[in-house]
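Undergrad: Chains as they are written, first to last, in our numbering: chain V, 1442 to 1746; chain Y, -3 to 305; chain L, 5 to 255.
It is possible that some hints are incorrect.
Unchecked claim - Distance condition first, Cα-Cα at most 25 Å in a straight line; then the derived SDA-like pairs of lysine to any residue:
no.: 1; chain 1: V; residue 1: K1629; chain 2: Y; residue 2: P292
no.: 2; chain 1: V; residue 1: K1737; chain 2: L; residue 2: A77
no.: 3; chain 1: Y; residue 1: K149; chain 2: Y; residue 2: I25
Note that these hints are calculated values from the structure, not bench results.
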Amino acid sequence: MSGILLLEQSLNGLQFGLMLFLLAAGLTLVFGIMDMINLAHGSLYMVGAFLAATFVDLTGSFWLAVALALAGTALVGMALEVSVLRRLYARDHLSQVLATFALILVANETVRIVWGPQLPLAAPPALAGPVEIVPGLQYSSYRLVIIAVGLAVAAALYFAIARTRVGMLVRAGASNREMAVAMGVNIKRLFTIVFGCAAALCAVAGAMLGPILAVQVGMGENILILAFVVIVIGGIGSIRGALVGALLVGVVDTMGRAFLPHLLRQFLRADLAGALGPALASILIYVLMAAILFWKPQGLFPARG
Amino acid sequence: MRRWLPFAVLAAAAAFPLVARPLGWDFYIGFASRIMIYALAASSLNLVLGYGGMVSFGHAAFVGAGAYTVAVLMAEGVASAWVAWPLAVALAGALAAAIGAVCLRTRGVYFIMITLAFAQMIYYIAVGMRAYGGEEGLNLPTRSQLGFGLDLKDDVTFYYLVLAILAAALYALRRTVGARFGRVIEAIRENETRMDAIGFPTYRYKLVCFALGGALAGLAGALLANQNSYVNPNLLYWTQSGTLMIMVILGGVGYLYGGVLGAVALLVLEEVVSGYTIHWQLGVGAVMLAIVLFAPRGLAGLAQGRRDG
Amino acid sequence: MAEALLRVERVAKHFGGVVAVDAVSLEVAAGEIHALIGPNGAGKTTLVHLLSGALAPDAGRVLFAGADVTARALHERVGLGLARSYQVTSLFRGFTALDNMALAVQARSGSSLRFWTPVASERALFDEARAVLGEIGLAGRERVHAGQLAHGEQRALEVGLALATRPKLLLLDEPMAGMGPDESERLIALVDGLRARVGVLLIEHDMDAVFRLADRISVLVNGRVIATGGPEEIRANAEVKRAYLGEEQPA
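Chain V on its own, in the form it takes in the complex (with noise of 0.2 Å):
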């Protein structure tokens, strides 16, 4: 295997990778404050890729649509919260499955009354092409893109953790809810917020990733369970654990997908590496999961002590 095939699929895992983070970060955040299991964090994706397909449609432009369908997926997630999730806080973790998975239902239906079972959505013409980014690569400069909107909201969101106010209620409220109780703050609203902040970040993801995937009903169903695996993987509730696992998650499968296949060649019969390669590379980020768990039960960053 050469050395720009690897530049080219580490870039493809990192751009995998950081869009994980964005569902990721808003997840592990909504698991480790409220304690909630939000099966529905998935729609939410797909509701962002959804907005900006018909926005698109309505502006003309990729970047306003993908700006109007954050605003509208926070409001979405801001109105589930105080409608429904609100109420599920202090319930067990079962219940809070069973509602969810409610809503995927009812997300999933609705999304097909509104608009059918999917939508196109092209990636701005500009970026329609590749770039030569070193002598014999050339690389789709849309991904580029992701690559660098992805490491700019992870910056906005370290940033908006580290040193603003809500950041700081925040980083509180996943280590020790009572504490953040004590200190008088608002939680009603500082969780619809943080609610608000996960969906838009969803959208984020779901409007970059909508070129490259299909924007259809039920794309939340198959991402979310990598976010879940990302968050387990990094600790529930930490957002640098969000990170580093988004990434390990998004570099392993891409890497799995493209060398293991090929790996497997070298040592067992074309058949048998045809059949067992792609099954492997599938279950990979499982077995990593597994794995880090068997050693470290609580993830690698646990963000509570």
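With the hints as your guide, set chains Y and L onto chain V.
TA: Same frame as chain V, now just chains Y and L:
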């Protein structure tokens, strides 16, 4: 639940084909079989989740393992139920024991997620089995062969077999939860630390419970493969595990008939709502949401609450 | 002093940089009531966790009945006869008082991998459970759910669960916490009555109870045992007075 009620339901279920067949409701005989198979699968999860308190989010993997055992054996020319079904049970149980041995080291949310991850692994293994249909799945040329002049291809015969298995499994579950083992796992759910401190090796009992649940799910899978005459990886997808969990929560966690009630409720609801609209998932989701918000202890809890009050 | 039933050799535990238990050594003889006192945060409960097997020590050994049990799990030590109670009441709240007790009896009477015979038909379990309930003063309360018992009754059941495992040595972690005077008096009588059969390591803040019950007393301050001796010896010990008793009895 009144003592006679389960027997009355059993009698009604036994009489159902006698009425349905002459009326030509063959569809509903198959539908009822499907409900009972899911009731079995949900009850097996109820043992793990309801009685043992282990929130396993990967139960579909064990159902799928059972189903694939039957399908693969049949593809290899072994159609006997006496070979395939016990093997399905044993394999699913062994798989559950292996997965449980790792998962039970973790707690709480981590346990939920790691069971889910293992189930996804099994799902992708099923997808990767290209010799057995891969993503497309595998058709079963016939149903398992039972001998004794019983032909499972006849839907009524199959119905009665499923009914008998479900009734036997529920009876066995009742014995188990009332026996020493059942007391132990319920007490572990209630207070695991204290169980440890009065001398119980809690990990071992939880593992046995998890493996038993998996084995019973394997039996449900073997039946499901026969019912559908078809297996595919979707049987193992995480939303299937979710559906089983929903059935248990709907029916009532830790109530003996919780799994049955939940399976009946969910599948009948799906069937009824889908008769009115193609957007039936919206209705089903809304009803589920209403139940969580307004009947926190599930349907069995609702019935009991009304009787108490 | 008879051969030690429990021997603790230089056991240590730290959490992060904080030393909770620092090279503690002590002995409890069969039939002895050995009290462990010390100010809050001295490491008493951590020591109970280390001795019972709930936590593994960073250094040192725990010997019980002549065998090294340092690597043994909590439930294994219970099987050997080393049982504990909890400072914060830890019961099976949804089970009746009798069922609570029957579980503890069941733990040491044969395998619980029995899937068919109703446990309700096992008379021996419940007879013995009733006997222990009687001993701790809960006769007549068999059918009440543990969560519905009065606070003092729950504390009694807390000790009773440990007692029902038929231990050779009991680790009692503040059994009288939150009890009224009458209830304390009853529990003091109960622990006093155990003296002949069972060794006890008693952690208690109630100094009246400690000095009435203890054959020997060890004083734990900042994770270290600063003194061990008979009640009179401890009362007279200047270092103990300064470090601990002085706080409560300014004289």
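Undergrad: Does each hint fit the structure? Answer for all of them.
TA: We went through each hint and held it up to the structure:
For a cut-off of 25 Å, the pair hint linking V:K1629 to Y:P292 stands: about 22 Å separates their Cα positions. Note on V:K1737 and L:A77: the hinted pairing holds, with a Cα-Cα distance of about 20 Å set against a maximum of 25 Å. Distance hint between Y:K149 and Y:I25 is fulfilled; the C-alpha atoms sit about 13 Å from each other, no more than 25 Å.
Taken one by one, the earlier hints all hold for this structure without exception.
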